[in-house]
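*Asks:* Next come the chains, spelled out residue by residue.
There are 2 protein chains.
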Amino acid sequence: MDIPKVIREMALQARQAARALGSLSRGVKDQVLLRMAALLEARRAELQAANARDVEKARAEGHPAAFLDRLTLSDKVMAAMVQGLREVAALPDPVGEVVKMWRRPNGLWVGRMRIPLGVIGFIYESRPNVTVDAAALCLKSGNAIILKGGKEALHSNLALARLMQEVLEEYRLPPAAVQVIPSVAREATLELLRQDELVDLIIPRGGEGLIRFVAEHSRIPVLKHYKGVCHIFVDASADLDLAESVCFNAKVQRPGVCNAMETMLVHEGIAPEFLPRMHRRFREAGVELRGCPRTCELDPQVKPATEADWGCEFLDLILAVKVVPDLDAALEHIARYSSNHTEAILTRDYDNAQRFLREVDSSVVLVNASTRFNDGGELGLGAEIGISTSKLHAFGPMSLEELTTTKFIVYGHGQVRT
Amino acid sequence: MDIPKVIREMALQARQAARALGSLSRGVKDQVLLRMAALLEARRAELQAANARDVEKARAEGHPAAFLDRLTLSDKVMAAMVQGLREVAALPDPVGEVVKMWRRPNGLWVGRMRIPLGVIGFIYESRPNVTVDAAALCLKSGNAIILKGGKEALHSNLALARLMQEVLEEYRLPPAAVQVIPSVAREATLELLRQDELVDLIIPRGGEGLIRFVAEHSRIPVLKHYKGVCHIFVDASADLDLAESVCFNAKVQRPGVCNAMETMLVHEGIAPEFLPRMHRRFREAGVELRGCPRTCELDPQVKPATEADWGCEFLDLILAVKVVPDLDAALEHIARYSSNHTEAILTRDYDNAQRFLREVDSSVVLVNASTRFNDGGELGLGAEIGISTSKLHAFGPMSLEELTTTKFIVYGHGQVRT
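Chains as they are written, first to last, in my numbering: chain A, 1223 to 1640; chain B, 1223 to 1640.
In isolation and in its complexed conformation, chain A is listed as follows (with noise of 0.2 Å):
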């Protein structure tokens, strides 16, 4: 395969394929969602089949047990990927929204009116559903979308884009709107990121390693998502049953996702009470503790943290403890070990509660409730295509408004520049 030459006739389809997809009304959209939903559920046992295939070589080559759950379309993958799809169809259509329009004195009439990005670029790891679920929001959005996965995924992610392309082409709609890259080699990567004259963006999902890599080679602007150190800070106000509560759920519910809390801050003037009680529910839940010397000595069975403790993304149920004198240390301690994920504070206190809301640089700040509603079905966006921790073009959660930008349309009657 001559790969610059496939992957800039990819580039150069989609970008047509955009033009096209620009106009297309909600109603349309909507229904190519929902025939494709219809399809996936009609043709589940062919495209498990071609799943089977990668599964077994992935099982073959070593692979451990999660990565093999994360790579199978099983049933109930599939019945999410369907209802995803569902979802995305009873979304509002951010395109053609005028967002804002004002009068000018000569008397213009000036609005901003949302338009799609264009062609974006997805990078993701071995997880077929997020075939789906990505070109779905491209989609309704009116972007077109040139997807990258992970090797093992290959024949799953090439089989769902042909069903995609399928009910495209039925709709009488470039198939090029949707297009798996149809190789497995890093250099198809690499000349992804090279299309800057025809990519508009790209969003890589996975590991640190892989946005990493992306980030240092694209010549396309890239949305990225390294890490989630989430802190909670329990000020000495907190309703402690409440703070309790929040913070085992933020460690617990589920350890191993970008949200969930990291570090856990206390002010001094509760931890005697707090601490223990907390440290007591952690345990149980089998939770390794790493604690400040002030911690430790309040909760001799903590082990002591180390530097590299602090601002660690644990992925685990481990959590790091600290006690601190006040909302200035919390706040300090914040700006320099956190990731601009997400943070919360839990106190019964008015001004804390917005000095914390309005100073955290964060891409989610929260007062009185769990980290882990830093996603984009939480908060209200709908489906997610990911979380930006950096701030330009967005900063959090992203779903189909930040697939989209702005342009000025202007009304006038032959005003002319004096």
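Worth flagging that the hints you see were computed from the coordinates, not collected in a lab.
Treat the hints with caution; some may be incorrect.
No copy labels: a pair is met if it fits in one copy or bridges any two.
[As the list claims (entries may be wrong)] Result set (EDC-like, lysine to aspartate or glutamate): computed pairs, CA atoms no more than 16 Å apart in a straight line: (1) K1449 / E1419; (2) K1449 / E1283; (3) K1322 / E1623; (4) K1446 / E1419; (5) K1525 / D1571; (6) K1449 / E1392; (7) K1298 / E1278; (8) K1449 / E1231; (9) K1449 / D1583; (10) K1446 / E1319; (11) K1322 / D1461; (12) K1373 / D1550; (13) K1298 / D1252; (14) K1298 / E1606.
This one's a predicted model, so the numbers in the text were calculated from it and none came from an experiment.
Given the coordinates of chain A, assemble chain B onto it according to the supplied hints.
*Replies:* Relative to chain A, chain B alone:
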């Protein structure tokens, strides 16, 4: 000078300054801007003396008159800078605005709050007035700025930065909020472009060469403004008096700027009537016309256009003219040759106006008004720091809002995820 060390230190200081700027109230920021304006007036002679050194050197080096003109801080330019500071002080503060707030089924209140981007690197040519304009916009939007101007303006820029830093110190704010790189070496620019851990955004302003250089070497996101190849389509139903006035304004009022018209597309139905009268006006103003075969047929004085004339940014009293059979052909021509900057339709047809607004993929799309309105001030945004012709983060003129992003704020009362 150890350039990498100096630039790194400046970026670190800017980062710290940004943290302090982010939580300033509007009152303080406006006082600082107004004090800068007052000091610019009071110390005009001193600043003009620093500027005179730059101008004399540039003159001795043989720079052309237009260059020296842009470099000179004349009384008029000084007055405009003072006025600019006062106008930015009068603009609303974007920081802290909650642009939307909604309630979730579980009772969480979720909002999006505007926050500064952080640290902005601004790279531009030898126009020292831009130093103050850009610093004012960054300060008002809570961002720290690192400025790298053209080498011929170094003394002027350093003097202006010193004055602004004096005011910052007077208000006990970090002077590193506004820094001018004290080196003219290209290496200093390159080093700035490598500070992706500390600098959030690069805005280059100047000719295409400068912008391409920056885009090519930056590891930081860049908001690009390549060129303005602006089109006006005069539809069959256009009011010919209005069309004459708007097209004349768009080409002649200031031909050297990015929002001037470069190609006029004329519906064949009105070309025989419109072209002769329009061309007469253009010729009286000294505009050179280059036409398609049909244009030359209708007006034999027009010189035939070559392929290079379509999509050319003349920045001069030169205009390409093409007769097209219909709106579709006009849209096709624009999709092929435009630079996504500004396009207008002149029409009395409702459907054609709406289709043009919807389908043209440019940052500003107008009906019955001059392309010259693509400007932050003219569209009502206030002063602009540039015009983005790529879609990510901002598309079109960029003012205070475009120097911010939003974070999610969440008010809860103990919600956990289940």
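*Asks:* Using 16 Å as the alpha-carbon threshold, which applies to K1322 and D1461: within, between, both, or neither?
*Replies:* Neither: 41 Å inside a copy, 29 Å across copies.
*Asks:* I want to check one pair: K1449 and E1392. Are their C-alpha atoms no more than 16 Å apart within a copy, between two copies, both, or neither?
*Replies:* Neither: 41 Å inside a copy, 40 Å across copies.
*Asks:* Within, between, both or neither: how does the pair K1373, D1550 come out at a Cα-Cα threshold of 16 Å?
*Replies:* Classified as neither: same-chain Cα gap 47 Å, cross-chain 43 Å, threshold 16 Å.
*Asks:* 16 Å Cα cut-off: does K1446 pair with E1419 within a copy, between copies, both or neither?
*Replies:* between (20 Å within a copy, 13 Å between copies)
*Asks:* At most 16 Å between CA atoms: does that hold for K1449 and D1583 within a copy, between copies, both, or neither?
*Replies:* Within one copy only: 15 Å inside a chain, 35 Å across chains, cut-off 16 Å.
*Asks:* Taking 16 Å as the upper bound on the Cα-Cα distance, should K1298 and E1606 be classified as within, between, both, or neither?
*Replies:* neither (20 Å within a copy, 52 Å between copies)
*Asks:* Indicate which option fits the pair K1322, E1623 if close means a Cα-Cα distance not exceeding 16 Å: within, between, both or neither.
*Replies:* For K1322 and E1623, the Cα distance is within 16 Å both inside one copy (15 Å) and across copies (13 Å).
*Asks:* Which holds for K1449 with E1283 at a C-alpha limit of 16 Å: within a copy, between copies, both or neither?
*Replies:* neither (28 Å within a copy, 52 Å between copies)
*Asks:* Indicate which option fits the pair K1298, D1252 if close means a Cα-Cα distance not exceeding 16 Å: within, between, both or neither.
*Replies:* Neither way: K1298 and D1252 sit 23 Å apart in one copy and 58 Å across, limit 16 Å.
*Asks:* With identical chains, the pair K1525 and D1571 could be close in the same copy or across copies; at 16 Å between alpha carbons, which is it: within, between, both, or neither?
*Replies:* neither (31 Å within a copy, 76 Å between copies)
*Asks:* How would you classify K1298 and E1278 at a CA-CA limit of 16 Å: within, between, both, or neither?
*Replies:* neither (19 Å within a copy, 76 Å between copies)
*Asks:* Can you give me the call for K1446 and E1319, within, between, both or neither, at a CA distance of at most 16 Å?
*Replies:* neither (26 Å within a copy, 25 Å between copies)
Comparing the model with each earlier hint shows violations of hints 2, 5, 6, 7, 8, 10, 11, 12, 13 and 14; every other hint is respected.
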